[in-house]
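Visitor: Going line by line, the protein sequences match chains A and B.
In this text, residue positions in the first sequence follow the numbering used here: the first is 60, and each later residue adds one.
In this text, residue positions in the second sequence follow the numbering used here: the first is 28, and each later residue adds one.
FYI, nobody ran anything at the bench for these hints, they're computed from the structure.
Since the model is a prediction, treat every value here as computed from it, not as a measurement.
Idealized CB from N, CA, C, for every residue including glycine.
It is possible that part of the hints are untrue.
[Unchecked claim] Chain B is faced by these chain A residues, among others (derived, beta-carbon under 7 Å):
#	residue
1	PRO215
2	THR332
3	SER345
4	VAL421
5	ALA455
6	ALA459
7	ALA460
8	PRO469
9	PRO470
10	GLU680
11	PRO705
Chain residues, written in single-letter form:
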Amino acid sequence: MERSFTKEIELLKLGQGETFNGEGILAVTKALLQSGVAYVGGYQGAPVSHLLDVLIQAEDLMGELGINAEANSSEASAAAMLAASVNYPVRGAVTWKSVVGTNVASDALSNLSSTGVMGGALIISGEDYGEGASIIQERTHAFALKSTIMLVDPRPDLNTIVNMVEKSFELSEASSSPVMMELRIRACHVQGSFEAKDNVASPINARNKADNPAGFLYDRLAHPPVTFKHEKQKVEDRIPAAQKFILENDMNEVFNGEISNHGIIVQGGLYNTLIRRLTNLGLADSFGNTRVPILVLNVTHPLVPEQISSFCTGKQSVLVVEEGNPEYLEQQIGQILRGADLQTRLHGKDVLPLAGEYTADVITQGLVDYLGQYDDAGIQGEALRDEAARLENVRANAQAALDEKVPPRPPGFCTGCPERPVFSAIKLLKEELGDIHIAADIGCHAFGTFEPFSMGNSILGYGMSLASAAGVRDIQKKRTISIMGDGGFWHNGLQSGVLSALFNEGDAILIIMQNGYSSATGQQNIPSSRSRTNNRAITGEIERTLKSLGVEWLKTIRTYSVDVMVDTLREAMTTDFNGLKVIIADGECMLARQRRLKTDNARKLEGGIRFETPRFGIDDEVCTGDHSCIRLSGCPSLTIKPNPDPLRTDPIAHVNNGCVGCGLCGEVSHAAVLCPSFYKAERVQNAGPIEKAVHKIRQSVIGRMSDKGDTA
Amino acid sequence: MTGVTRPLTVLIAALGGEGGGVLMNWIVNAAIAKGFPVQATSIPGVAQRTGATTYYVELWPEKTPNDARPIFSLSPAIGEVDVMIATELAEGSRALSAGYITPDRTTLIGSTHRVYLTVEKMGMGDGRLDEKKLYSALKKNAQQAVMFDAADIAQRKGAIINAVMLGALAGSGALPLEPDVFTSAIKKEGKAVKANLAGFSAGLEVAKSGGAGLAVDTAKQNISNQTEQELEKQVKTGFPPAVHEILLHGIRRLIDYQDADYARDYMERLEPFREHDPVLLREVGRHLAIRMSYEDIIRVAQAKGRPTRFNRIKDELGTAADDPFHVTEFLKPGIQEVCDLLPPTMARSLMSWGKNSGKLKTLHWGMEVRTTTITGYIKMKILAGLRWWRPYSYRWAVEQAAIDRWLALVMQAASVNTALALEVTELARLIKGYGSTHQRGSNNYQRIVADLVVPLLADPPPDGPERVKSALEAALAGPDGKALKQILHSTNPPAPVAAQ
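For reference, chain A alone in the conformation it holds in the complex (with noise of 0.2 Å):
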């Protein structure tokens, strides 16, 4: 990774009373070091990435504490890391992306809430749902319903989030279970402060060595026949002991409000965004002081029902904000209050969507549907319908602003990515040869999927791209082509694709984008990242990799060359051999490239060494305004301008100042025989005295040819 941390990993090293400032995500870390944890482990995602990343990156600190920071290859092997707090009483954390790490994780998960922990262990799940979400959107939830975990949803306030993490560790133990902290996007990225602790270090920990392993205890083991007892400790130990800790810590709150005939239970995440929306219909101030009772539930799973049915008692009705589908609070909710005899009319979904996030106008038309419905002192139904009547102004008004809406501006490759060059020859290709089933996944190359490439037929989870090529390739004529980036093939692609395409003899085009990092979490290392002190792969190549497998039709080629790329895809999809194709698109992943490049460049030019500087540029006059190069590339340097010639009317084709020169749009006007407007520029720094005087000679004779009968 080129990315330095050294401003966060100080904000780790604060001490008692002094105030961190910073965000979300970096609070959450700062707690578990706080919280005594052993062992850290994880998979990059948003947007919980940063937690690893920053552990990673405190050596110092790490060994201090004595904490093992490892970068799991997937979820599975971070969840499997927490089978360290099954036998012995250390503390411990993994982290990544939920729903579809969790996904990932779900067979050692299940395993583990089965034998129960000694020591506590927590997950951190960034929930990665609403506006800003790259993956599928399903709840978590049903993880923590279906194995026992139980699920922590703290109000997004960084004093509440650290205290929550504290007293999850606590929770863990004193349940014997692991717990799940669920962390909005918004939460992770919120800037805030909190009081710091001390750190703590782990009892046994890694410079504080356990003298002998934990001794044989089957039930220790999720292997039958213990796990019958297991599937009854769950609910009849674990899940007491959880709730009788949820009380006794006041791990959900309650908040006390005049209009007691009536009450809203929520999740922490969402109580921030619904206390602006009772501020706005007066029944609360912006401080927290609420006119309606609410019980603002930290610990989503599980519920305690004692405290779903006080809080209801003597209330006419209780509204449950609780966002995703399906509605399991208020399913669980109804059953409490059913079981406990209670009147209390229960809404939630009725009159809240049924899926999607709730934004604040979603929970306020929610909020004014349900409490319409009452006449209570205290609710103000002109309030309740003016705000209603704002809101439907404002969105009819912004409707009206503008005749035809703006067209989403989706995220892209980067300018200069490496993985453009490849989707610049499949459209080439399909030009060609018709069109080809493309089987997509997840990382960057996903952008594909957008103009102005388009393409994709499948996208089914991270790294199976040529998995799900396989029930598709005997019902096609042509070859399909599966698409996978190198965290995707080290993640999962090796084994679920690779192996299962040999080992089935499947006739398959796979191509890895080889760009030596996990690029789209933020440039993280994987195992064939190059090691900056000796430029090998850290752990393994993947071409090697695949030799020894036993792949025989093998081509690495760098993707800018646009024509070989063209051609070695045609071979591909022609030729005779019909096993596994592999073909590696090896080009380092530019932002991380430019990123060093920027160091290496401010050094050589302080230090009088020469070096180049390459970018592209159009001449306006030989440019028709056709763009074609620009649906082969979608470069974001490669854009329009206004025609400057008086005559023209349609935009030119422009390469603006964010250019770096990676040479895309010479290979695919070559490649595609585009037009000649394109040229490549490169300016030298630090040149030798020999060098500047060959150019002076060369600019001086030029200039004198140009002068002479140019407008003849």
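Given chain A's structure and the hints, the job is docking chain B onto it.
Guide: Coordinates of chain B only, in the frame set by chain A:
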């Protein structure tokens, strides 16, 4: 406590790489310096540099008793944004359509420059959004709008756009934070302080003067070359003033492209249209000049060898006076481009060989020419010097004939009505580019003429102009030609005549 009952809200819409996060931190740190409770969060998107990102700040505009902390929201609510900062025009418009800019409450700090969306850039003609429309909608719907080209200022000041936006925010007075509180935040952050302060001050000034509006395109060329005076006089005396500018541009272009005689040909070709509607005359004059200066190797070489070109590239690179630089051209001529320059008889036989052998499409010579070397530059000069030969070439013959057919068609349409003639004139827009692009455009043009225009002129319907216009739009809708095929089939049964 004074009358404050709610926090002030700031929503920032930025693009990846514009420093939206830093901008957010500056605002947060300014508020902290004043002792105001503040909270910020973001949807930073993936780690990529493109795509829209949003940042959201809430701040309590005064100190609270006992440092009580308000419950801040983590996401913006429609109709409840006090300050909307949009670093790009379309992103501002997106915020408007979403309900984040409202006349009762929102101060808009918006940059008017464009970073085009991929779908806008992809269009075969002009796929851009209507900037004027976006601009006036924003201006109209914000309570106060400070709009100006912040990207341009940023570039001139060597700053990133975020500092300019911060300056404009300070200048708007929308938040109870004085300019020096912001400048302290910039200094405290300690990165590129000088450039950022320069950007900040520039933004501050613009905001104080109320914004600068949309940039007006003032790039107008003067025409005063001596050799052109005779033709200039002819234009000014014989043609209506509304068309002077375009015709003078045309003349100038064709003298540069070929010679003064060729420019005279241009005037002669326009002569029959002189008495027609000036709008038609102007459009014919515009397209005719473009068609007569068709793209060939000679013209490309001429453009690449212009004396001013290297200076322009040098500026682009930011190269110091005596630092070397290299320029490499990417050329890939094929049989077609070679034939363009051959005498017609030779070209025809070579073309037919190319067609029969399939080499016409596949045989190309990829060349990378370094025009900053003497030999590379000489190659360009030699090619550019072939101008005298042009009238004897195959391509010349083909183009001149095609131009005359097109003019005849326009004239025929003009006898029906001006609207139809204008649309037929506009069809010339399809013929542009090089190689396959030029081929595709010409084919589309010919199909529209044969399948639509010719039958339509034989029996003119009232909706003729609209039908030609929609055919043109369909042809420009996508390179696969699906839309055009559909429209030609739906408006007309395929005609058996192959015109042109």
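Visitor: Against this structure, judge whether each hint is valid.
Guide: Right, here's what the structure says about each hint:
1. Given the 7 Å rule on beta carbons, the hint for A:PRO215 holds: about 6 Å separates it from the nearest Cβ of chain B.
2. A hinted interface residue such as A:THR332 counts as satisfied when its beta carbon comes closer than 7 Å to some beta carbon of chain B; here the least separation is about 6 Å, so the hint holds.
3. Interface hint at A:SER345: satisfied, since its Cβ lies 4 Å from the closest Cβ of chain B, which is below the 7 Å cut-off.
4. The criterion of a C-beta within 7 Å of any C-beta in chain B is not met by A:VAL421, whose closest approach is roughly 10 Å, and the hint is violated.
5. Hint status for A:ALA455: violated, given a least beta-carbon distance of 9 Å to chain B, over 7 Å.
6. At about 9 Å, the closest approach between the beta carbon of A:ALA459 and any beta carbon in chain B exceeds 7 Å, and the interface hint on this residue is violated.
7. The beta carbon of A:ALA460 is positioned within 7 Å of a beta carbon in chain B (closest approach about 5 Å), and the interface hint is therefore held.
8. The beta carbon of A:PRO469 comes within 6 Å of a beta carbon in chain B, closer than 7 Å, and the hint placing it at the interface holds.
9. For A:PRO470, the interface hint holds, the least distance from its beta-carbon to any beta-carbon of chain B being 3 Å, beneath 7 Å.
10. For A:GLU680, the interface hint holds, the least distance from its beta-carbon to any beta-carbon of chain B being 4 Å, beneath 7 Å.
11. At about 5 Å, the closest approach between the beta carbon of A:PRO705 and any beta carbon in chain B falls short of 7 Å, and the interface hint on this residue holds.
This entry does not satisfy hints 4, 5, 6, going by the numbered hints stated previously.
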